[in-house]
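Asks: Let's have the full structure, built from the sequences with the hints guiding it.
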Amino acid sequence: MDRRKKKSRAAIFSAFLDLLKNKDFEKITINNIAEVADVSRGTVYLNFEDKYDLLDQLIEYYLKKLFLICKEVPVDDKAYFPKIIKKMFEYLDKNSDLYKSLFTEENFSKFRVLFEENLFQAFKTQAEANRRTAISDMSIHFLTTGITGTIVFWLKENKPNTPNGYATLLNNFLIDKKLLDSYIPNNSLSNF
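Under my numbering, the first residue of the sequence shown carries the number 9, and numbering increases by one thereafter.
Please note: incorrect hints may appear among the correct ones.
As the list claims (entries may be wrong) - Here are the computed distance ranges between Cβ atoms for each label pair:
1) 177 with 12: 42 to 50 Å
2) 18 with 84: 33 to 41 Å
3) 39 with 121: 23 to 31 Å
4) 86 with 53: 46 to 54 Å
5) 39 with 10: 22 to 30 Å
6) 15 with 68: 15 to 23 Å
7) 15 with 154: 32 to 40 Å
8) 15 with 167: 29 to 37 Å
9) 121 with 167: 17 to 25 Å
10) 177 with 103: 14 to 22 Å
11) 39 with 177: 43 to 51 Å
12) 161 with 39: 33 to 41 Å
13) 37 with 181: 17 to 25 Å
14) 46 with 147: 43 to 51 Å
Unchecked claim - In the DSS-like style, the derived pairs of lysine-lysine whose C-alpha atoms are separated by at most 30 Å in a straight line are:
15) 102 with 79
16) 102 with 73
17) 164 with 132
18) 59 with 91
19) 72 with 35
20) 59 with 31
21) 14 with 118
22) 35 with 86
23) 29 with 86
24) 79 with 35
25) 31 with 164
26) 35 with 164
27) 15 with 73
28) 86 with 15
29) 132 with 73
30) 59 with 94
31) 118 with 31
32) 79 with 91
33) 79 with 167
34) 31 with 73
35) 13 with 102
36) 167 with 94
37) 35 with 15
38) 95 with 164
39) 132 with 29
40) 132 with 86
No lab work stands behind these hints, which were simulated from the structure alone. Glycine is no exception: its CB is placed at the ideal position from the N, C-alpha and C atoms.
Replies: If you want it as structure tokens, here you go:
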């Protein structure tokens, strides 16, 4: 992709994100996007079929950027989970305004679903690479929805802890049985 096209796409993405913060998706027109991006309608249509395609490509683009982090850690690394969580929180911290919108706003519900699906697949691949066959799909699903919920909470609450602090807390909560036991008294679940 040439430099001019990249610049146009970046301007269109930025304009579209700005519009979505203040306007319902259904009320946004290609004219609105072109005007805010300071490009012609034709330029928008050269890059995207319509606003639905723009939304899909925007979600795909920012999801890929977030998941490039997973590729930085070898899948067979025994500390894969803590490293990925820490790297994700550091990246989200640097790009918090953007990802706060993507994770929390109704217009981007597809982003959250795709994030969970990708995170599920990353953890499943890691579990298989380390021959952890005892980890069920349900356990991985629980883990991914918990992480997603934690990210959403962290972003909505304007990052009440550092990325490293929150990653450590999440890692300890999910992995350290002692911490979990401090929240759930012994045998309290056996009454069910």
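Asks: Against this structure, judge whether each hint is valid.
Replies: Results for each hint:
no.: 1; hint: 177 with 12: 42 to 50 Å; in the structure: holds (45 Å)
no.: 2; hint: 18 with 84: 33 to 41 Å; in the structure: holds (36 Å)
no.: 3; hint: 39 with 121: 23 to 31 Å; in the structure: holds (29 Å)
no.: 4; hint: 86 with 53: 46 to 54 Å; in the structure: holds (49 Å)
no.: 5; hint: 39 with 10: 22 to 30 Å; in the structure: holds (25 Å)
no.: 6; hint: 15 with 68: 15 to 23 Å; in the structure: holds (19 Å)
no.: 7; hint: 15 with 154: 32 to 40 Å; in the structure: holds (39 Å)
no.: 8; hint: 15 with 167: 29 to 37 Å; in the structure: holds (31 Å)
no.: 9; hint: 121 with 167: 17 to 25 Å; in the structure: holds (23 Å)
no.: 10; hint: 177 with 103: 14 to 22 Å; in the structure: holds (21 Å)
no.: 11; hint: 39 with 177: 43 to 51 Å; in the structure: holds (46 Å)
no.: 12; hint: 161 with 39: 33 to 41 Å; in the structure: holds (37 Å)
no.: 13; hint: 37 with 181: 17 to 25 Å; in the structure: violated (45 Å)
no.: 14; hint: 46 with 147: 43 to 51 Å; in the structure: holds (49 Å)
no.: 15; hint: 102 with 79; in the structure: holds (19 Å)
no.: 16; hint: 102 with 73; in the structure: holds (13 Å)
no.: 17; hint: 164 with 132; in the structure: holds (28 Å)
no.: 18; hint: 59 with 91; in the structure: violated (36 Å)
no.: 19; hint: 72 with 35; in the structure: holds (27 Å)
no.: 20; hint: 59 with 31; in the structure: holds (14 Å)
no.: 21; hint: 14 with 118; in the structure: holds (24 Å)
no.: 22; hint: 35 with 86; in the structure: violated (48 Å)
no.: 23; hint: 29 with 86; in the structure: violated (40 Å)
no.: 24; hint: 79 with 35; in the structure: violated (38 Å)
no.: 25; hint: 31 with 164; in the structure: holds (19 Å)
no.: 26; hint: 35 with 164; in the structure: holds (25 Å)
no.: 27; hint: 15 with 73; in the structure: holds (17 Å)
no.: 28; hint: 86 with 15; in the structure: violated (40 Å)
no.: 29; hint: 132 with 73; in the structure: holds (20 Å)
no.: 30; hint: 59 with 94; in the structure: violated (34 Å)
no.: 31; hint: 118 with 31; in the structure: holds (17 Å)
no.: 32; hint: 79 with 91; in the structure: holds (11 Å)
no.: 33; hint: 79 with 167; in the structure: holds (25 Å)
no.: 34; hint: 31 with 73; in the structure: holds (25 Å)
no.: 35; hint: 13 with 102; in the structure: holds (25 Å)
no.: 36; hint: 167 with 94; in the structure: holds (14 Å)
no.: 37; hint: 35 with 15; in the structure: holds (25 Å)
no.: 38; hint: 95 with 164; in the structure: holds (19 Å)
no.: 39; hint: 132 with 29; in the structure: violated (34 Å)
no.: 40; hint: 132 with 86; in the structure: holds (14 Å)
Checked against the numbered hints listed earlier, the structure breaks hints 13, 18, 22, 23, 24, 28, 30, 39; every other hint is satisfied.
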